[in-house]
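Listed here are the chains, written in short residue letters.
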Amino acid sequence: MAIRRGRGVAAINYPTGMNLGGDPTQALVHSTPTGNFMVTLSSVDLGQGMKQIMAQICAETIGVPTDRIVIDTADTDTGPHCMGTFASRGTHRAGNAVIQAAKEARQVMLEVAAEELEVDASDLETDGQGNILVKGAPQKSISIFDVALSAHFKRGRSISGRGMFLIPRSYPEKETGAMKPSTCYAHACTVAEVEVDDETGEVTVLTVKNVFEIGRALNPKMVEQQLVGGSWMGISHALYETTEPYYPNRDHGGTDFNQYLMPGPGNLAETEIIVLERPSADGPFGAKGPGEMCANPQIPAVANAVFDAVGVRIDTLPITPERILRALKAQATG
Amino acid sequence: MELRKSYFADVRKDGLNEIGQPRPRLDSPGHVTGKTAYFADRNFPGMLHLKMVRSPHHHARIRSIDTSDAEKHPGVVKILTARDVPHNVYTILILIQIGPEDETVLADGKVRWKGEAVVAVLAETERAAQEAAAKVKVDYELLPAVFDMEEALKPGAPIVNEYHGQNYYLYDSGECRKVRFGDVEAGFAEADHILEQSYQSSPIEHAPTETTGCVVAPEGNDRFTCYTNTQAMFFTLDNASIILQMPGSKLHFVGGTVGGGFGGKVDVIVEPIAILAAKLTGRPVSFIYSREEEMQISSPRAAEKVVIKDGVMNDGRIVARKVTGYTDAGAYSRHSPYGAQKGAAHYPGPYTIPNVWIDTYCVYTNRTPSSAMRGFGVTIGDFALEVQMDKLARLIGMDPLEFRFINAYRDGDMKAHRQPTEGAALIECMQEASRAANWPVAEKYMALSSYRKGA
Numbered sequence: 001m002a003i004r005r006g007r008g009v010a011a012i013n014y015p016t017g018m019n020l021g022g023d024p025t026q027a028l029v030h031s032t033p034t035g036n037f038m039v040t041l042s043s044v045d046l047g048q049g050m051k052q053i054m055a056q057i058c059a060e061t062i063g064v065p066t067d068r069i070v071i072d073t074a075d076t077d078t079g080p081h082c083m084g085t086f087a088s089r090g091t092h093r094a095g096n097a098v099i100q101a102a103k104e105a106r107q108v109m110l111e112v113a114a115e116e117l118e119v120d121a122s123d124l125e126t127d128g129q130g131n132i133l134v135k136g137a138p139q140k141s142i143s144i145f146d147v148a149l150s151a152h153f154k155r156g157r158s159i160s161g162r163g164m165f166l167i168p169r170s171y172p173e174k175e176t177g178a179m180k181p182s183t184c185y186a187h188a189c190t191v192a193e194v195e196v197d198d199e200t201g202e203v204t205v206l207t208v209k210n211v212f213e214i215g216r217a218l219n220p221k222m223v224e225q226q227l228v229g230g231s232w233m234g235i236s237h238a239l240y241e242t243t244e245p246y247y248p249n250r251d252h253g254g255t256d257f258n259q260y261l262m263p264g265p266g267n268l269a270e271t272e273i274i275v276l277e278r279p280s281a282d283g284p285f286g287a288k289g290p291g292e293m294c295a296n297p298q299i300p301a302v303a304n305a306v307f308d309a310v311g312v313r314i315d316t317l318p319i320t321p322e323r324i325l326r327a328l329k330a331q332a333t334g
Numbered sequence: 001m002e003l004r005k006s007y008f009a010d011v012r013k014d015g016l017n018e019i020g021q022p023r024p025r026l027d028s029p030g031h032v033t034g035k036t037a038y039f040a041d042r043n044f045p046g047m048l049h050l051k052m053v054r055s056p057h058h059h060a061r062i063r064s065i066d067t068s069d070a071e072k073h074p075g076v077v078k079i080l081t082a083r084d085v086p087h088n089v090y091t092i093l094i095l096i097q098i099g100p101e102d103e104t105v106l107a108d109g110k111v112r113w114k115g116e117a118v119v120a121v122l123a124e125t126e127r128a129a130q131e132a133a134a135k136v137k138v139d140y141e142l143l144p145a146v147f148d149m150e151e152a153l154k155p156g157a158p159i160v161n162e163y164h165g166q167n168y169y170l171y172d173s174g175e176c177r178k179v180r181f182g183d184v185e186a187g188f189a190e191a192d193h194i195l196e197q198s199y200q201s202s203p204i205e206h207a208p209t210e211t212t213g214c215v216v217a218p219e220g221n222d223r224f225t226c227y228t229n230t231q232a233m234f235f236t237l238d239n240a241s242i243i244l245q246m247p248g249s250k251l252h253f254v255g256g257t258v259g260g261g262f263g264g265k266v267d268v269i270v271e272p273i274a275i276l277a278a279k280l281t282g283r284p285v286s287f288i289y290s291r292e293e294e295m296q297i298s299s300p301r302a303a304e305k306v307v308i309k310d311g312v313m314n315d316g317r318i319v320a321r322k323v324t325g326y327t328d329a330g331a332y333s334r335h336s337p338y339g340a341q342k343g344a345a346h347y348p349g350p351y352t353i354p355n356v357w358i359d360t361y362c363v364y365t366n367r368t369p370s371s372a373m374r375g376f377g378v379t380i381g382d383f384a385l386e387v388q389m390d391k392l393a394r395l396i397g398m399d400p401l402e403f404r405f406i407n408a409y410r411d412g413d414m415k416a417h418r419q420p421t422e423g424a425a426l427i428e429c430m431q432e433a434s435r436a437a438n439w440p441v442a443e444k445y446m447a448l449s450s451y452r453k454g455a
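From first to last, the protein sequence lines stand for chains C and H.
Residue 150 in the numbering used here sits at position 150 of the first sequence, with consecutive numbering throughout.
Residue 371 in the numbering used here sits at position 371 of the second sequence, with consecutive numbering throughout.
Keep in mind the hints are simulated off the structure, nothing from the lab.
Check the hints yourself; a few may be wrong.
What the hints assert, rightly or not - Just a sample of chain H residues kept apart from chain C, beta carbon distances all over 12 angstroms, derived:
1. Pro45
2. Ala82
3. Leu142
Stated by the list, open to error - Derived Cβ-Cβ restraints for the label pairs, each shown as a range:
4. Gln129/C - Gly46/H: 44 to 52 angstroms
5. Gly46/H - Tyr171/C: 43 to 51 angstroms
6. Ala40/H - Lys135/C: 36 to 44 angstroms
7. Glu151/H - Thr333/C: 42 to 50 angstroms
This one's a predicted model, so the numbers in the text were calculated from it and none came from an experiment.
Beta carbons are placed, not taken as given, at the ideal position from N, Cα and C, and that holds for glycine.
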């Protein structure tokens, strides 16, 4: 009887979006009289940070700091249509809609600035700090604050824009299954290292080394929170979670967090996250959807590592101590 | 976390002002100081509490419902049954023409899973609603139930859901979604080895910190504001409009700050009945799942079974892959027909295989309806595919990581669902994993590129 060590690898891809249902999201952007920008959406922030990412996308596109952006979302009286926050589509779809709306608003903003500065709008650029400058002559400039005041009170312009992202619905071909279920794909490869106690069947995940390719890390800190949380969820899925210890009824399933088994802080693996960025052709600044993908590769990587450690295959999730002990027993007697 | 900027640097524009910057989240100070308002923080004068009477049986005919004792319970204001719901039979995906309507808001004549909503009780307090719900008497005639997908698909199995007529979802392609690419039998005939294996999973919970629910307030002008933690505002509004037979202009949904969803808040379960209750009583209504309901009643990830048969050559090339996937929808469709067909497009995995044959089934059983969850339609497939890859590598005596390099898809490769590969990056992820995990592979694999340069 011993504690045995093993490691396993898994590599995956993951689709962004839900083209099998049609995939629209819309956005509106407008400036307030003081040159802040309001982004109006119906997309939902589930705690992953959608509002912050939309603010950064809008700020980058218009050319202002992120704290000049206000996000108004998830009110059906004010927000235009969004299919919803799922299918790893939030950042990708809503982000594209925000870019389009922000570009239109930026164009009006530059036109008003051009009138104030008596130059051509195409000769203007933003400095990212809240000012509009004449290219090559930065001393000739106007603040976005003053442009907004002029637009609202003097020139009668609305600095606003409309944005939308629509993937027409893909209908699978009946005989061949030809279909376009998504646009871009995120990628991942995980190597998990485990210890298996062949007396108790207990698995300890020592390390997970996760490499995620996500198109573009729009906000690296928020990417990290998502990817670390997802990795933990994958390990939990592999080794702990089930609604039904006594298959197949649900009668004995958990009713609270005391009974529903998930790893606690003491069970956390040492988690290394490495991010690669291959921008997707249709993503906002190249971003793909990493939200779901990040919880998938740990599950087979852990399963393969368990085999590497003790030489038994557990092909039924979760990989419980009981299943491991039964397999070890079968192996010994077989 | 480390960003490895050396990969794909030639196709990426760095140095932007806001994008790529680790700005602090605008809502995190509110979250960590407890000041963020969630839907359940809204409290209205005169608010009623809704509790459901739920089926204690997996499959039963409802002979009668007696609410007389419950109505007399102190604090009870109204009791709703199936006949109070204007369009009681619905299905969420009818909005994208995936039917038939197969689920009742409140059970009508029959229950098909243990926990199904039968009667809604509205009372002045949560406790009164709970106590009154316990006094509702439902007379059930038990019916045979089926819990296992293989049992459900056998001839003569009890029919779970009459709206389908059989225990599987009928796609336009027949009893399953099919993918056919190349000639899989010819591939097997050519293969040096064939390996067929089965993989299985059981349901898991989304386990969000914030349980599912909504608070509905009449606006006083025939409009109703529904504060909810749905993941999809208009999906919910449009479905509520159909169920309640109310114009969408009468419905106002407010959401947007949610304490975790993971796919568990895509179903449209709480909002329509709460809006109906507010309409019929003229009072605000709160319907919030207890933790026990969240765990036992809300839809989990589906149990799945995946059978994979692969033909592989001694040099590591996979030449044929046949996959049959079964998704346990439970008693009702919800989003499962969608998930099963999303899985069909995914099953070959991120590998280039010339001959692929896939069938995915969405199966009905008398279990808790499953629905969307993080990685919907794909997660268990990835588990099955990647354990299978490990077995195949060991079968031919090859390093598991090198085996994946041989088969990894690259730009321009045709996938089984007939989309050319674009933006591939699997090779690079594996190269970086090889370095990070100190798992060396032959130099020729480290020289590969998803662009196909030097292939």
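> Taking the CB of Ala40/H and the CB of Lys135/C, does the distance hold inside 36 to 44 angstroms?
Replying inline: 52 angstroms, violated
> Is 43 to 51 angstroms a correct range for the gap between the Cβ atoms of Gly46/H and Tyr171/C?
Replying inline: At 49 angstroms between Cβs, range holds.
>> For Ala82/H, is the shortest CB-to-CB distance to chain C above 12 angstroms, so the non-interface label stands?
In response: With a cut-off of 12 angstroms, Ala82/H remains clear of chain C, as the shortest Cβ separation is near 24 angstroms.
>> Quick check for students: does the CB of Leu142/H sit more than 12 angstroms from each CB in chain C?
In response: 15 angstroms, holds
>> Please check whether Glu151/H and Thr333/C have a Cβ separation lying inside 42 to 50 angstroms.
In response: 29 angstroms, violated
> Is 44 to 52 angstroms right for how far apart the beta carbons of Gln129/C and Gly46/H are?
Replying inline: This hint holds: roughly 51 angstroms between Cβ atoms.
>> Confirm or reject: Pro45/H is not an interface residue toward chain C, with every Cβ-Cβ distance exceeding 12 angstroms.
In response: The assertion about Pro45/H holds, with a minimum of 23 angstroms to chain C.
Going down the numbered hints, you'll see the structure goes against 6 and 7, while the others check out.
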